[in-house]
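So the protein lines, in turn, are chains L and A. By the numbering used here, the letter at position 40 of the first sequence is numbered 40, and the numbering carries on one by one without gaps. By the numbering used here, the letter at position 4 of the second sequence is numbered 4, and the numbering carries on one by one without gaps.
Please keep in mind that the hints were generated in silico from the structure rather than gathered at the bench. All C-beta atoms in this analysis are idealised placements derived from N, C-alpha and C, irrespective of residue type, glycine included. Incorrect hints may appear among the rest.
No more than 27 Å apart at the CA atoms, straight line, and that leaves these computed lysine-lysine pairs for DSSO-like [as the list claims (entries may be wrong)]:
{"hint": "1", "chain 1": "L", "residue 1": "K10", "chain 2": "A", "residue 2": "K338"}
{"hint": "2", "chain 1": "L", "residue 1": "K27", "chain 2": "L", "residue 2": "K102"}
{"hint": "3", "chain 1": "L", "residue 1": "K77", "chain 2": "A", "residue 2": "K301"}
Residues on chain A that point at chain L, a partial pick, calculated with CB under 8 Å [to be verified]:
{"hint": "4", "residue": "W263"}
{"hint": "5", "residue": "P282"}
{"hint": "6", "residue": "D283"}
{"hint": "7", "residue": "K294"}
{"hint": "8", "residue": "F296"}
{"hint": "9", "residue": "S300"}
{"hint": "10", "residue": "I304"}
{"hint": "11", "residue": "A316"}
{"hint": "12", "residue": "D319"}
{"hint": "13", "residue": "Y341"}
{"hint": "14", "residue": "P342"}
{"hint": "15", "residue": "P348"}
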Amino acid sequence: MAVCVAVIAKENYPLYIRSIPTENELKFHYMVHTSLDVVDEKISAMGKALVDQRELYLGLLYPTEDYKVYGYVTNSKVKFVMVVDSSNTALRDNEIRSMFRKLHNSYTDVMCNPFYNPGDRIQSSRAFDSMVTSMMIQVC
Amino acid sequence: MEAAAGGGCGSGPPLLLSEGEQQCYSELFARCAGAAGGGPGSGPPEAARAVPGAVTAAAGPVADLFRASQLPAETLHQITELCGAKRVGYFGPTQFYIALKLIAAAQSGLPVRIESLKCELPLPRFMMSKTDADTRFGNPAELHGAKVQIPYLITEKNTFKRMDDEDKQETQSPTMSPLASPPSSPPHYQRVPLSHGYSKLRSSTEQMHPAPYEARQPLVQPEGPSSGAAGAKPPRHQASLIRSFSVEREPHDNNSNYPDEPWRITEEQREYYVNQFRSLQPDPSSFISGSVAKNFFTKSKLSIPELSYIWELSDADCDGALTLPEFCAAFHLIVARKNGYPLPEGLPPTLQPEYLQAAFPKPKRECTLFDSYSESMPANQQPRDLNRMEKLSVKDMADFPVPAQDVTSDDKQALKSTADEALPKDMSEDPATSKDSNSLKARPRSRSYSSTSIEEAMKRGEDPPTPPPRPQKTHSRASSLDLNKVFQPSVP
Numbered sequence: 001m002a003v004c005v006a007v008i009a010k011e012n013y014p015l016y017i018r019s020i021p022t023e024n025e026l027k028f029h030y031m032v033h034t035s036l037d038v039v040d041e042k043i044s045a046m047g048k049a050l051v052d053q054r055e056l057y058l059g060l061l062y063p064t065e066d067y068k069v070y071g072y073v074t075n076s077k078v079k080f081v082m083v084v085d086s087s088n089t090a091l092r093d094n095e096i097r098s099m100f101r102k103l104h105n106s107y108t109d110v111m112c113n114p115f116y117n118p119g120d121r122i123q124s125s126r127a128f129d130s131m132v133t134s135m136m137i138q139v140c
Numbered sequence: 001m002e003a004a005a006g007g008g009c010g011s012g013p014p015l016l017l018s019e020g021e022q023q024c025y026s027e028l029f030a031r032c033a034g035a036a037g038g039g040p041g042s043g044p045p046e047a048a049r050a051v052p053g054a055v056t057a058a059a060g061p062v063a064d065l066f067r068a069s070q071l072p073a074e075t076l077h078q079i080t081e082l083c084g085a086k087r088v089g090y091f092g093p094t095q096f097y098i099a100l101k102l103i104a105a106a107q108s109g110l111p112v113r114i115e116s117l118k119c120e121l122p123l124p125r126f127m128m129s130k131t132d133a134d135t136r137f138g139n140p141a142e143l144h145g146a147k148v149q150i151p152y153l154i155t156e157k158n159t160f161k162r163m164d165d166e167d168k169q170e171t172q173s174p175t176m177s178p179l180a181s182p183p184s185s186p187p188h189y190q191r192v193p194l195s196h197g198y199s200k201l202r203s204s205t206e207q208m209h210p211a212p213y214e215a216r217q218p219l220v221q222p223e224g225p226s227s228g229a230a231g232a233k234p235p236r237h238q239a240s241l242i243r244s245f246s247v248e249r250e251p252h253d254n255n256s257n258y259p260d261e262p263w264r265i266t267e268e269q270r271e272y273y274v275n276q277f278r279s280l281q282p283d284p285s286s287f288i289s290g291s292v293a294k295n296f297f298t299k300s301k302l303s304i305p306e307l308s309y310i311w312e313l314s315d316a317d318c319d320g321a322l323t324l325p326e327f328c329a330a331f332h333l334i335v336a337r338k339n340g341y342p343l344p345e346g347l348p349p350t351l352q353p354e355y356l357q358a359a360f361p362k363p364k365r366e367c368t369l370f371d372s373y374s375e376s377m378p379a380n381q382q383p384r385d386l387n388r389m390e391k392l393s394v395k396d397m398a399d400f401p402v403p404a405q406d407v408t409s410d411d412k413q414a415l416k417s418t419a420d421e422a423l424p425k426d427m428s429e430d431p432a433t434s435k436d437s438n439s440l441k442a443r444p445r446s447r448s449y450s451s452t453s454i455e456e457a458m459k460r461g462e463d464p465p466t467p468p469p470r471p472q473k474t475h476s477r478a479s480s481l482d483l484n485k486v487f488q489p490s491v492p
């Protein structure tokens, strides 16, 4: 399961970031931050046509010794970044894709809430929180 | 009665009391002051120290009252200090009112501060348990005496405020027997501020039938003093909250028959919500957009995160818009929240859209048809058309996607018998309306469709008996008069 999940806005500031081993949170924040460069690289390489679901999913952004970082970008240039434990080798690409799809759906639901201003931090949506928690269980 | 009355107000903060609060507080103060004379030496030292000529409430009953508010002891001490009673040594009207207002603030979760007094607050809630009165008076006779006093006095206040005689009888009869059943008097007492606010609101809004209130009476009886904390919840104190939200509001909770289900919407509340929906969106089968709903709900003055959460709960299909049942659920959650209920973790089953659609099909149908024909009809014909269309709708309810699909069979049978006369004409309109009601998007179009068909039918409808459908419902003379005018020229 994911160790850290982050939603980053178009302007590259975090809308939502949460990691499981909460003591090392700063490390994950750094990882997510550095991954943004890779995301931007991939986006520019792909060009303008970002309609296909496959292209929304960016795949493995970069691996470190302990973690793998996956990326996903929506049509409105909102990025989802997921950090997964490398020891969790059972995780296949499909599973990562489905996790991103769930993230995307929950994010859309949050956007549909008129009381949410796009660009705000996602802090009031319990449904979103519970969905992310479900993705991040049993890691500690 | 302003806070300036009485001696020793000194440097007390300015106290703005609403009408309901003033009534309630003055009643409580009178009781405490009155009980001072009758109490067995309760607090005479304090009273003796009072400024001569000023009415004071003896500390004994006051302490009882405060303890009955179920606030922790240190909160009560804070309140006593803040209101100035400790300083002056007695509870004058000023201090008492301030204290009551602070109690209300504390019960609403606000900090015990002078600034809290400036907020509009519900009335404070007091739970007179047996033990409190016992320890205070230590005398069964006194106990009963005190207990009788509370409901009796409040009853008097109720009768004074009540518009309806039926309500008067209701409040009097149960509370007349407190000696027989002391446990029931606390709930009655508690219910008083609610009914008080209720009656106040009734004077300012439309007449609401007392049926839910009647049903509430037996409901509260079983609660008993054991459910102390829970007992404090059902009564709602809406007078000030109502005013802060909007002009017209349903004041009472929906515990009509289900004491544990504050999430059930009563018929009155349902009608109110539907009216509000229609004020935002004329077509009740369509939906309210997110921004419209946001503006509307923001008026409730709840915090944005809470509103966001309520939206999350009520917008079941997460489409950013509220259909009528979703809107009712959201509105109901807001009402509940404003009355102190914590928001549920998930949408309660009685607020689910399917349940709401099933439970209250009739108003929706009326609204749909009413609005779909409102544009084509002159205003005074609408009641008649509503009746006809109601019967019309019975048959093609099954085709309506949004309104209650699950109860169509029941309602069909119920109304079928009355719809026979209208059948011939209705048949011509059925295809048009059922066709167009198949999708929500087609709703605006259905209006024009049905309006033309209705007009055609009306012109055509001389052969079938036109008059019979009309007298079914009791509507104003004007409607029938106009219809006669309309039909007479074309009647061969």
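Going through the hints against the structure:
For the hint linking L:K10 to A:K338, the alpha-carbon distance of about 37 Å lies beyond 27 Å, and the restraint is violated. For the suggested pair L:K27 and L:K102, the alpha carbons sit about 25 Å apart, so the restraint of at most 27 Å is met. Only pairs whose Cα atoms come within 27 Å are accepted, and L:K77 paired with A:K301 is rejected, the gap being roughly 34 Å. A hinted interface residue such as A:W263 counts as satisfied when its beta carbon comes closer than 8 Å to some beta carbon of chain L; here the least separation is about 18 Å, so the hint is violated.
Violation of the interface hint for A:P282 is found here, the shortest Cβ-Cβ separation to chain L being roughly 20 Å, above the 8 Å cut-off. With 8 Å as the threshold, the beta carbon of A:D283 stays out of range of chain L, its nearest partner Cβ sitting at about 20 Å, so the hint is violated. Restraint check, A:K294 versus chain L: the minimum CB separation of about 4 Å is within 8 Å; hint holds. Look at A:F296: its Cβ only gets to about 10 Å from chain L, farther than 8 Å, so that hint breaks.
Given hint, A:S300 at the interface with chain L, is violated; its Cβ is 12 Å from that chain's nearest Cβ, farther than 8 Å. The beta carbon of A:I304 is positioned within 8 Å of a beta carbon in chain L (closest approach about 6 Å), and the interface hint is therefore held. Restraint check, A:A316 versus chain L: the minimum CB separation of about 11 Å is more than 8 Å; hint violated. Taking 8 Å as the C-beta cut-off, the interface hint given for A:D319 holds, the closest approach to chain L being about 6 Å.
Hint status for A:Y341 relative to chain L: violated, with the closest Cβ pair at about 17 Å, above 8 Å. Interface restraint check for A:P342: the shortest CB-CB distance to chain L comes to about 13 Å, outside 8 Å, so the restraint is violated. Checking A:P348 against chain L: minimum C-beta separation of about 15 Å lies over 8 Å; hint violated.
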